[in-house]
Amino acid sequence: MLRRDTLKYLTSVSILLFTGLLKPVTALARWNKAAFNAVDFNNAISAYFPDQQIQKTEHITIGVHPVVENGAVVPVKINTDLPNPESITIFVDKNPNPLIANFDLFPGCIGFISTRIKVQEPSNIVAVVKADGEVFSKSTFIEVHEGGCG
Amino acid sequence: MASTIRLKTKTRDSITTVRAILRHPMETGFRVDSETDELVDAHFINQVSVKHNNSLILSCDWSRAVSRNPYLSFKFKGANIGDRLELTWIDNKNNSDSIETLIE
Chain A
1 MLRRDTLKYL TSVSILLFTG LLKPVTALAR WNKAAFNAVD FNNAISAYFP
51 DQQIQKTEHI TIGVHPVVEN GAVVPVKINT DLPNPESITI FVDKNPNPLI
101 ANFDLFPGCI GFISTRIKVQ EPSNIVAVVK ADGEVFSKST FIEVHEGGCG
Chain B
151 MASTIRLKTK TRDSITTVRA ILRHPMETGF RVDSETDELV DAHFINQVSV
201 KHNNSLILSC DWSRAVSRNP YLSFKFKGAN IGDRLELTWI DNKNNSDSIE
251 TLIE
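Residue numbers (the numbering used here), protein chains in the order written: chain A, 1 to 150; chain B, 151 to 254.
Source of the hints: derived by calculation from the structure; they are not laboratory data.
Take the hints with a grain of salt, since some may be wrong.
[Claimed, not checked] Taking CB as the label site, the calculated pair distances span:
#1 Gln-52/A x Asp-163/B: 21 to 27 Å
#2 Val-39/A x Ala-152/B: 18 to 24 Å
#3 Arg-30/A x Arg-162/B: 28 to 34 Å
#4 Asn-37/A x Ser-246/B: 43 to 49 Å
#5 Asn-84/A x Ala-192/B: 21 to 27 Å
#6 Glu-69/A x Ile-231/B: 26 to 32 Å
#7 Asn-70/A x Gly-232/B: 21 to 27 Å
#8 Val-39/A x Gly-228/B: 25 to 31 Å
[Unchecked claim] Straight-line Cα separation of at most 30 Å, BS3-like style, residue types lysine-lysine; simulated pairs:
#9 Lys-201/B x Lys-77/A
#10 Lys-33/A x Lys-201/B
#11 Lys-33/A x Lys-243/B
[Stated by the list, open to error] Examples of chain A residues lying across from chain B (beta carbon under 8 Å, computed):
#12 Trp-31
#13 Val-39
#14 Phe-41
#15 Phe-49
#16 Val-67
#17 Val-73
#18 Leu-82
#19 Lys-94
#20 Asn-97
#21 Leu-99
#22 Ala-101
#23 Ile-110
#24 Ile-117
Ideal Cβ placement from N, Cα and C applies to all residues, glycine included.
Kindly generate the complete structure, drawing on both the sequences and the hints.
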């Protein structure tokens, strides 16, 4: 009886340990290394959205100041009224790695993200939205006086 | 230790706005330490997830080009006042932090 309890206990502990250890590993596995490490804008886009046609749209707005003094902190707000938004992805075409951030939106989310990013030099800020299985993009150019990647 | 996360919510007209600030250096790996003249290792949050009552509502993959002490805001429908909201981050060195708040 005692041995059975001990075994049970050990099993549950090892399951806990196992799932605990597995968590960061599976989390990292999802991070798209090829796309994040890409140094060319077109390569970054095609690594992140393989075999997908990206359509230009006016249904995305990028809220960003057109002239930025300090590229280390550039507030960016993305809004979209496309139905059923699934993800919002931000690229900066001239950054050393153009893929900046991806946000997966789960059902219930509004098409909106606000964050702050680093921009190295005058660049196009590109927002890509996946909605109803289709991929859309919008871009806007900003001037940067002092680069923010150092 | 104090949490590295400040998480706030506000619900108006059935839309909950979430705002978070995460305390993190977000080192790109390009910066030279002025005292040692050596490059500082890349050290940045690469994943953030937010759960509403234990189900995922937002999942983020980040590069090192998200600004230092990252700011994140998003909005969603379907929450009730008092629901649980949990935010977790993980960085490229496998450090992590998590916080839970009740929706206001």
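Tested hints:
One distance hint, 21 to 27 Å for the beta-carbon pair Gln-52/A and Asp-163/B, is violated here, with the actual separation near 34 Å. At about 38 Å, the beta-carbon gap between Val-39/A and Ala-152/B misses the expected band of 18 to 24 Å. Our hint of 28 to 34 Å for Arg-30/A and Arg-162/B holds, since their Cβ atoms are close to 33 Å apart. Distance hint check for Asn-37/A and Ser-246/B: the Cβ-Cβ separation is about 22 Å, which falls outside the suggested range of 43 to 49 Å.
Separated by about 35 Å at the C-beta atoms, Asn-84/A and Ala-192/B break the suggested range of 21 to 27 Å. Here the CB-CB span from Glu-69/A to Ile-231/B is close to 40 Å, at odds with the stated 26 to 32 Å. For Asn-70/A and Gly-232/B, the Cβ-Cβ distance of about 40 Å falls outside the hinted range of 21 to 27 Å, so the restraint is violated. Separated by about 40 Å at the C-beta atoms, Val-39/A and Gly-228/B break the suggested range of 25 to 31 Å.
As the CA atoms of Lys-201/B and Lys-77/A are separated by approximately 22 Å, the hinted pair is consistent with the 30 Å bound. As the CA atoms of Lys-33/A and Lys-201/B are separated by approximately 24 Å, the hinted pair is consistent with the 30 Å bound. Taken as a hint, the Lys-33/A and Lys-243/B pair is honoured in the structure, with Cα atoms around 15 Å apart against an allowance of 30 Å. With a least beta-carbon distance of about 5 Å to chain B, the hint placing Trp-31/A at the interface is held under the 8 Å criterion.
Taking 8 Å as the C-beta cut-off, the interface hint given for Val-39/A is violated, the closest approach to chain B being about 12 Å. Proximity of Phe-41/A to chain B is violated relative to the hint, the smallest CB-CB distance being about 13 Å (cut-off 8 Å). Look at Phe-49/A: its Cβ only gets to about 13 Å from chain B, farther than 8 Å, so that hint breaks. For Val-67/A, the suggested interface contact is broken, since its CB lies about 18 Å from the closest CB of chain B, more than 8 Å.
Given the 8 Å rule on beta carbons, the hint for Val-73/A holds: about 5 Å separates it from the nearest Cβ of chain B. Residue-level restraint check for Leu-82/A is violated (minimum Cβ-Cβ distance to chain B is 15 Å; threshold 8 Å). Checking Lys-94/A against chain B by beta carbon gives a least distance of about 11 Å; that is not within 8 Å, so the hint is violated. A least Cβ separation of about 6 Å between Asn-97/A and chain B falls short of the 8 Å threshold, and the interface hint therefore holds.
Restraint check, Leu-99/A versus chain B: the minimum CB separation of about 6 Å is within 8 Å; hint holds. For Ala-101/A, the interface hint holds, the least distance from its beta-carbon to any beta-carbon of chain B being 5 Å, beneath 8 Å. Residue-level restraint check for Ile-110/A holds (minimum Cβ-Cβ distance to chain B is 4 Å; threshold 8 Å). Look at Ile-117/A: its Cβ gets to within about 6 Å of chain B, closer than 8 Å, so that hint holds up.
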